[in-house]
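Protein chains in written order, with the numbering used here: chain A, 1 to 312; chain B, 1 to 312; chain C, 1 to 312; chain D, 1 to 312; chain E, 1 to 312.
Rather than coming from a laboratory, the hints here were simulated on the basis of the structure. Among the hints, a few may not be true.
For identical chains, the list gives no copy identity; a pair is met inside one copy or between any two copies.
Under the rule of at most 27 Å between Cα atoms (straight-line distance), these lysine-lysine pairs were calculated in the DSSO-like manner [stated by the list, open to error]:
(1) K10 to K188
(2) K29 to K5
(3) K182 to K5
(4) K111 to K10
(5) K182 to K29
(6) K182 to K10
(7) K29 to K111
(8) K5 to K188
(9) K188 to K216
(10) K112 to K10
(11) K106 to K182
Listed below, chain by chain, are the residues.
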Amino acid sequence: MPVLKREEVKVPAGVSAEARETYLDNYLKATRGTGRLMLFACDQKIEHLNDDFYGEGIDPADALPDHLFQIGDQGVIGVLAGQRGLVAAYAADYPDINYLIKVNSKTHLVKKDQDDPYSPQLHSFEAILELINNGVNVVGIGYTIYIGSEYESQMMAEAGELIAQAHAAGLIVCLWVYPRGKAVADEKDAHLLAGAAGTALCLGADFVKVNPPNAKDGQTPAQLLHQASMASGRCGLVCAGGSTVDAQTFLTQLYQQIHVGGARGNATGRNIHQRSLAQAVRLTKAISAITLADAEVAEALAIFEGDADFTL
Amino acid sequence: MPVLKREEVKVPAGVSAEARETYLDNYLKATRGTGRLMLFACDQKIEHLNDDFYGEGIDPADALPDHLFQIGDQGVIGVLAGQRGLVAAYAADYPDINYLIKVNSKTHLVKKDQDDPYSPQLHSFEAILELINNGVNVVGIGYTIYIGSEYESQMMAEAGELIAQAHAAGLIVCLWVYPRGKAVADEKDAHLLAGAAGTALCLGADFVKVNPPNAKDGQTPAQLLHQASMASGRCGLVCAGGSTVDAQTFLTQLYQQIHVGGARGNATGRNIHQRSLAQAVRLTKAISAITLADAEVAEALAIFEGDADFTL
Amino acid sequence: MPVLKREEVKVPAGVSAEARETYLDNYLKATRGTGRLMLFACDQKIEHLNDDFYGEGIDPADALPDHLFQIGDQGVIGVLAGQRGLVAAYAADYPDINYLIKVNSKTHLVKKDQDDPYSPQLHSFEAILELINNGVNVVGIGYTIYIGSEYESQMMAEAGELIAQAHAAGLIVCLWVYPRGKAVADEKDAHLLAGAAGTALCLGADFVKVNPPNAKDGQTPAQLLHQASMASGRCGLVCAGGSTVDAQTFLTQLYQQIHVGGARGNATGRNIHQRSLAQAVRLTKAISAITLADAEVAEALAIFEGDADFTL
Amino acid sequence: MPVLKREEVKVPAGVSAEARETYLDNYLKATRGTGRLMLFACDQKIEHLNDDFYGEGIDPADALPDHLFQIGDQGVIGVLAGQRGLVAAYAADYPDINYLIKVNSKTHLVKKDQDDPYSPQLHSFEAILELINNGVNVVGIGYTIYIGSEYESQMMAEAGELIAQAHAAGLIVCLWVYPRGKAVADEKDAHLLAGAAGTALCLGADFVKVNPPNAKDGQTPAQLLHQASMASGRCGLVCAGGSTVDAQTFLTQLYQQIHVGGARGNATGRNIHQRSLAQAVRLTKAISAITLADAEVAEALAIFEGDADFTL
Amino acid sequence: MPVLKREEVKVPAGVSAEARETYLDNYLKATRGTGRLMLFACDQKIEHLNDDFYGEGIDPADALPDHLFQIGDQGVIGVLAGQRGLVAAYAADYPDINYLIKVNSKTHLVKKDQDDPYSPQLHSFEAILELINNGVNVVGIGYTIYIGSEYESQMMAEAGELIAQAHAAGLIVCLWVYPRGKAVADEKDAHLLAGAAGTALCLGADFVKVNPPNAKDGQTPAQLLHQASMASGRCGLVCAGGSTVDAQTFLTQLYQQIHVGGARGNATGRNIHQRSLAQAVRLTKAISAITLADAEVAEALAIFEGDADFTL
C-alpha cells in the first residue's frame with residue numbers, strides 16, 4: 001500500500017506559509033495518506049441534468065440526491081466532488097465526508113455544433129471559504145476546462161485564479177481538462193490528452209482528470225495514457241474508467257491505468273451511484289482497494305461481490 | 001396541516017453562524033411555519049410588460065400596481081415576489097407582507113428565434129441589504145435561469161453567487177428554472193424539468209419553481225412531476241398551476257401537484273391578480289388552504305367562493 | 001396649483017435613513033414643491049450630435065452650449081438634464097439650476113438596421129457624488145433604457161444598480177424608457193409604452209419619460225397615454241410634447257397629457273433650446289405654468305407670447 | 001499674445017477642492033499660461049506601428065525613440081502626448097517636459113472593413129498617479145474615441161470615467177474624437193466634426209482634438225471648423241494641421257484654424273518628428289509662436305527657417 | 001564582456017521609490033549584470049501542448065517536466081520563463097533559478113482561420129506577489145500580445161496594467177509581441193516586427209521578444225532586425241533563433257542578431273529542452289557565452305561540444 005509521508009508532500013509554492021499545515025492536512029485527507037486520489041464525482045445533476053439519475057438501468061435509489069451522500073458516507077472514497085450548493089444542502093448531515101467543491105458547471109443542452117462549450121465559475125472563492133468557516137469539511141476545489149473551445153480563454157483564466165486562491169488558503173485543486181469544441185477532431189487522442197494533462201500542471205493543479213485515450217496502433221489505452229502521466233509531472237493524473245461496463249472490466253481498466261498508465265487515482269461517478277446503495281458502497285471499496293492500497297483486480301472484485309471488505 | 005418545527009429546518013451550510021437565526025426566521029415566515037411555499041408572483045410588469053395587467057378578461061383594478069400589494073396585504077400568502085424597485089416603492093405602506101426580491105428580469109420583446117434568453121441581475125446584493133436595513137420585511141430573493149440558453153452560463157454564475165450571498169446573510173432563495181432557447185425542443189418535458197430542478201439544488205436554492213410538465217404516455221402532469229420533486233431533494237419544488245383556467249381546475253391541479261407530484265408549494269401570479277381585489281384575495285386563501293393546510297379541493301373552492309374563510 | 005407636502009412624498013424604501021431628508025429636499029426641489037416634473041432635456045449634444053443645435057430653423061444662439069444654461073437660469077424649470085461633463089463645465093457659473101445628471105448616452109450614428117441600440121453608463125456613481133461634494137446642485141440622475149434591444153439586459157442592469165445607489169444617497173431618478181430595436185415593430189404603441197412605464201416602476205425610478213403614443217382606434221394620444229400612467233403607479237409619468245410644432249399645439253398636447261393622460265410632467269429639449277434666449281425662456285415659463293401650476297392653455301400661450309409672466 | 005490669468009481659468013466642477021490648485025497649475029503649464037494648447041503627439045508607435053518613424057522621406061533620427069524626447073526638450077511645446085510606458089522609460093532624463101499620458105491606443109492592422117475600431121484603455125488611472133508620485137511631470141491625460149464605431153460605447157464609458165478620475169486628481173484631459181466605422185460615410189464632414197467636439201464637452205474634456213474638415217460649398221476648412229469650435233464651448237478645440245505638407249502651407253492652415261476656425265490650439269505629430277532634430281525643434285517653435293503668441297505666418301516661417309527664434 | 005553598472009540601469013518611472021532597489025536587483029539578476037537577457041522559454045506545455053515534449057527527434061527526458069528545471073539549474077541562463085503553476089510546483093526544489101512568470105497562455109487548438117488569437121491573463125498580479133512572499137525567486141513577468149488580432153485590445157489592456165503593477169513592485173517585464181490574425185499577411189515582415197517592438201516600448205516593457213524577420217531584398221534577417229532594435233529604444237529586443245537547426249547555424253544566427261541586428265538577448269525554448277540534459281545544459285552555456293559574454297561563434301560551439309566550459 002502506497003504511503004505518502006507528510007514531509008514527502010510536494011507543497012506548491014502558491015501555498016502561503018500560514019496555510020501550509022492546512023494544505024498538508026487536506027492533501028493527506030483527500031488522498032487518504034497515499035498520494036493517490038479516489039474521487040467520487042457527484043456533479044452530474046447539472047452536467048447531465050437528470051439523465052444519469054433516472055431511467056432504465058439506473059437503480060431507483062439514485063433518483064434522490066441523498067443517495068450520493070449515503071454512498072460517500074458509508075463507502076470508502078477520497079473526496080466527494082459536488083457543486084457548492086449541493087454540498088451545502090447535505091454536509092451538516094454527512095460531516096465526515098471529504099468534500100471537493102466543483103466550482104464550475106454547465107448543462108449539456110447546447111450541443112457542440114451550436115456553440116463551443118463554456119462552463120462558468122458559479123460563485124466567488126469566498127463562498128467556499130464561507131462553507132469552511134461554517135464547519136464543512138472542504139478539502140479542495142475542482143474546475144473543468146475545455147481546451148480547444150472558443151471559450152478556452154475564459155476557463156483558463158478562471159481556473160488559474162481559483163488555483164492561486166485555493167493554494168493560498170491551503171486547499172487542493174483538481175482540474176478536469178477535456179479537449180472539446182469545433183477545433184477538436186479526436187477528444188480521446190493520447191497525445192492531445194497528454195497536452196491536457198500538461199496544461200493542468202502549468203496552471204498549478206494538484207490533480208488532473210482526463211478521459212482515457214482510445215486504443216491505437218496496437219497500444220492499449222493504459223499504455224497510451226503513460227504519455228499523459230509523464231506530461232503532468234507533479235500534478236497527479238486521475239482517470240475515468242470509461243463508460244459503464246461490468247465491474248471486472250471496469251476494475252481491470254482502473255488497475256491498468258495506475259500500474260501501466262502511471263495514473264495516480266481515478267474519478268468515478270455514474271458507475272458508482274447508478275447502483276443500489278449496498279452495491280455502490282461495495283464498488284467504492286473495490287475501487288479504493290486498487291487505488292489506495294494497490295490491491296489486485298481479483299481482490300477488488302471479491303470486495304465488490306461482498307466476499308471481502310475493505311477499510312482504511 | 002403540515003408543521004415544520006424550527007429545529008427541523010435543514011439550514012444550508014452556506015448560512016453563516018451569525019445569520020442562522022435570521023435564516024430560520026425567514027424560512028419559517030416564508031413558509032408560514034409549514035415548510036411549504038405559497039409564492040405570489042408579481043414580477044410580470046417587466047417580464048410581460050403590460051400584457052398581464054390590462055386588456056380583455058383582466059379586471060380593471062389590475063391596471064394599477066397598488067392592486068398587487070393590496071392582494072398581498074389582505075390575502076394569505078407566503079411571499080410576494082417582485083423586483084427591488086417595485087417593492088421599494090410600496091413596502092412602507094404594506095409593511096407586513098413577506099417580500100421576496102426578484103433579482104433579475106427581462107422583457108419578452110426579443111423572441112427566441114432572434115436571440116436566446118438572458119435575464120440580467122438588476123442590482124448588487126448590497127442593494128437588497130439596504131432595503132432590509134431600511135426596514136423592509138425582505139425574507140428572500142429570487143432569480144430566473146434559462147437552462148439551454150446560449151446565455152445559461154451568465155445566469156448560472158449570477159445565481160450561484162447570489163445564493164451564496166443570500167445564505168450568508170440569512171435570506172432564503174427561490175430559483176425559477178426554465179429550459180428555453182434554440183437548443184430546447186420541449187420546454188415541458190418531465191425529464192428535462194427534473195434536470196432543471198436538480199440544477200437548482202446543486203446551485204443551493206431553497207426552493208425551485210418549474211413549469212408543470214405536459215401529460216405523456218398516459219401519465220398526468222402531476223404524476224410526471226414526481227421525478228422533478230425527487231431530483232430537487234432538499235430544495236423544495238414549487239410549481240405553477242398552468243395557464244388561466246377556472247378555479248376548480250386550477251385548485252385541483254395544485255392539490256395534485258402537492259399530493260401526487262411531491263411539490264412543496266406553488267407560484268401563482270396572473271391567475272390571482274387579474275381578478276378583482278375581493279376575488280383575488282379569496283383565491284390566495286384557497287391556494288394557501290391547500291398549500292399550507294392540506295385542505296381538500298372542495299374546501300378550497302368553498303373558500304374561493306366566499307362560503308368559508310381561511311386564516312393562519 | 002398642485003402642492004405636495006413634504007410628509008406626503010412617498011419615499012422609496014431604497015432611500016437610506018441618513019439620506020431621507022436629502023431625498024425629500026431633492027424631490028421637492030426637482031418638482032418645485034408640486035410632485036410634477038418639468039425636465040429641460042439638454043443631453044442631445046451626444047445623442048443627436050450637432051443636429052439639434054445648428055442648421056436651418058435653429059436660432060444661432062443654440063450653437064453655443066452656454067445657451068442651454070442661460071435658458072435654465074433665466075427660465076422656470078424643474079431640472080436641467082445633461083451629462084456629467086457638460087454640467088461640470090458650466091455649473092459654477094449657474095449655481096442655482098437644479099441639475100439632473102444624465103448618466104448614459106450614445107450617438108445616433110449606428111442605425112438600428114446595423115445594430116440594436118446600447119447607451120453606456122459613462123462613469124461611476126461616485127463621479128456624481130464628487131460633483132455634489134464640490135458644491136454642484138445635483139438633485140437626481142437620469143438613464144435611458146431601450147427595451148426590446150438586444151442590449152436591453154446591459155441597460156436594465158446598469159439602471160437597476162444606479163437607482164439603488166442614487167436612492168441610498170438621496171437623489172431622485174428619472175428613466176427614459178424607449179422600446180427600440182429589431183424586435184420592436186411600433187415604438188409608439190400605447191400598450192407597449194405602458195409596459196415601458198411599468199418597467200421603470202419595477203426598477204425603482206421616481207419618474208419615467210416615455211414618448212407619446214400614436215393616435216389609434218379613434219383615441220387621442222393623451223387618452224391612450226392613460227394606460228401608461230396607470231401602469232407606472234408611484235413612478236410619475238413624464239412625456240415629451242412630440243416633434244417641434246407651433247407653441248399652441250405643443251402646449252395643448254402638454255395640457256392634455258397631464259389632464260387627460262395622467263402625466264405628472266414633461267420632458268422637453270429642442271422645442272425649447274432651438275429658439276432665441278428670450279423666446280426659450282418664455283416657453284419654459286409657459287410649460288411650467290401648465291405643468292407646475294395647472295394653468296390653462298390660453299394662459300400658457302399668453303406667457304409664451306410675453307403678455308403675461310410666470311414665476312414660482 | 002494671449003494671456004490667461006489663473007483666476008480666469010474655468011475649473012470644471014469635477015475637480016475636487018483639494019486638487020484645485022494642482023489643476024490650475026497643470027492647466028497653465030499645459031497651455032503655457034495662454035489657455036491655448038500646443039500638443040506634440042507622440043503616440044504613433046502603437047497607432048501606426050513603425051510607419052511614421054522609418055522609411056522614405058523620414059529623417060533617420062526618427063528611428064530612435066529618444067528623438068521624440070529630444071524634440072520635446074529642446075523645442076517649445078505645451079505637452080508631449082505619449083503612452084504611459086513610453087513616458088515612463090524616458091521621463092527621468094527629460095524631467096522638464098509637460099507630459100500628457102495617452103491612456104488608450106490600438107494598432108492600425110485590423111482595417112475598418114474587417115471590424116470597427118476600438119482602442120482600449122491600457123491601464124488603470126492609478127498607474128498614472130503612480131508616475132506622478134514617482135516624480136514625473138504629468139499634467140494631463142488623453143483618450144481617443146471613435147464615435148460611430150460599433151464599440152463607441154466602450155470608449156465613451158472608459159473616457160467618461162477617466163475624465164472624472166483625472167479631474168478629481170487635478171489633471172487636465174484632452175480627448176481625440178474621430179467619427180469612424182462602417183456607419184460613418186464621411187469622417188471629415190464639418191457638421192459631424194462639430195458633433196464630435198460637442199461630445200467631448202459633454203464628457204467633460206478640457207480639450208478636444210478633431211481632424212480638420214474637408215472644404216465644401218466654397219467654404220475653407222478653417223471656416224467650416226467654426227461650427228465645431230462653437231459646439232465644444234468651454235472645451236477647447238484643437239486641430240491637426242492635416243497631412244504632411246510644406247511648412248508654409250502647414251503654418252498657414254494652423255493660423256487660420258485659430259483665427260478663422262476658433263481653434264484653441266493644435267496637435268501635431270509626424271509633421272514634427274519626421275524631421276531632423278534641429279528642423280523639428282524649429283518647427284515646434286514656429287507652431288508655438290502662432291498658437292501661443294499669436295504670431296503671423298511670416299514670423300513663424302522665419303522661426304522655422306532659423307532666421308528668428310522663439311522662446312516663452 | 002558587457003557589464004552594466006547598477007547606476008547605469010535606466011529605471012522606468014513606473015517603479016515606485018520603495019521598489020527601486022528590488023527592481024535593480026531583479027534587472028541585474030535577470031541579465032546577469034550585463035543588460036542582456038538569456039531567456040529560457042518553458043511555457044510551451046500550454047502553448048503547444050505536448051507537441052514540443054514528446055515525439056520523434058525529441059529526447060525522452062523531455063517528456064518529464066523536471067527536465068526543464070534541471071536544465072535551468074545546471075545550465076547558465078538569465079531567466080526561466082514558465083506559467084505560475086508550473087513554477088510553483090517545482091521552485092522549492094530549484095530555488096536558485098531566476099523565474100519569469102509567463103502570465104498568459106493559450107493552446108494552439110483553435111486555428112487562425114477559425115478565430116483570431118487571444119491569450120488570456122491566467123491570474124491576478126497578486127498571485128505572483130504571493131509566490132514571492134512564499135520565497136520563490138521571481139524576478140519578472142512575461143505576457144504575449146498578438147497585434148493585428150481582433151482581440152488585440154484585450155491583450156494590450158491586460159499587458160498595460162500588468163506592466164504598471166510589475167514595475168510598481170520592482171519586477172521586470174518581457175513582452176512577447178507577435179503580429180498574428182486574419183489581418184496580418186506576413187508575420188515576419190521586418191517593418192511590422194519593428195512596429196511590434198515599438199509597441200512593447202510604449203507599453204513600458206523592459207524587454208520584447210519578437211520573431212526574427214524573413215530575409216528580403218538581399219538583406220539578412222539580422223540586418224533587417226536592426227529596424228526593430230532601433231524602434232524598441234530602451235526596451236531591449238530579444239529574438240528567437242528561429243526553428244530548430246544545427247547548433248552552429250543556431251549560434252551564428254544568435255551572434256548576428258546581437259552584433260548585426262542590435263538584439264540585447266535571446267529567447268530559446270525547444271532548441272534547448274528537446275535535447276538530453278547534458279547537451280541542453282551545454283547549449284545554455286554556449287548561448288549565454290554569446291549573449292552575456294560576447295563570445296565568438298567558434299568559442300560558443302566549443303562550449304556546446306564540451307570542449308570548453310562557461311560559467312559566470
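Each hint, compared with the structure:
Neither within a single protomer nor between protomers do K10 and K188 lie at most 27 Å apart by alpha-carbon distance, with minima of 30 Å and 42 Å respectively. Taking the shortest alpha-carbon separations for K29 and K5, only the intra-copy value of 12 Å comes in at or below 27 Å, while the best inter-copy value is 36 Å. Within a single copy, K182 and K5 get their C-alpha atoms no closer than 44 Å, and across copies no closer than 53 Å, so neither meets the 27 Å cut-off. In the homo-oligomer, the alpha carbons of K111 and K10 never lie at most 27 Å apart, since the shortest distance is 40 Å inside one protomer and 36 Å across protomers.
Proximity of K182 and K29 under a CA criterion of 27 Å is satisfied in neither setting, with 39 Å inside one chain copy and 44 Å between copies. Taking the shortest alpha-carbon separations for K182 and K10, neither the intra-copy value of 37 Å nor the inter-copy value of 44 Å comes in at or below 27 Å. Within a single copy, K29 and K111 get their C-alpha atoms no closer than 37 Å, and across copies no closer than 42 Å, so neither meets the 27 Å cut-off. Neither within a single protomer nor between protomers do K5 and K188 lie at most 27 Å apart by alpha-carbon distance, with minima of 34 Å and 52 Å respectively.
Only within a single protomer do K188 and K216 lie at most 27 Å apart by alpha-carbon distance; the minimum there is 10 Å, versus 38 Å between protomers. Taking the closest pair of Cα atoms, K112 and K10 never come within 27 Å of each other, the shortest separation being 38 Å inside a single copy and 39 Å across copies. Taking identical chains as interchangeable, the C-alpha atoms of K106 and K182 lie at most 27 Å apart whether they share a chain (18 Å) or sit on different chains (16 Å).
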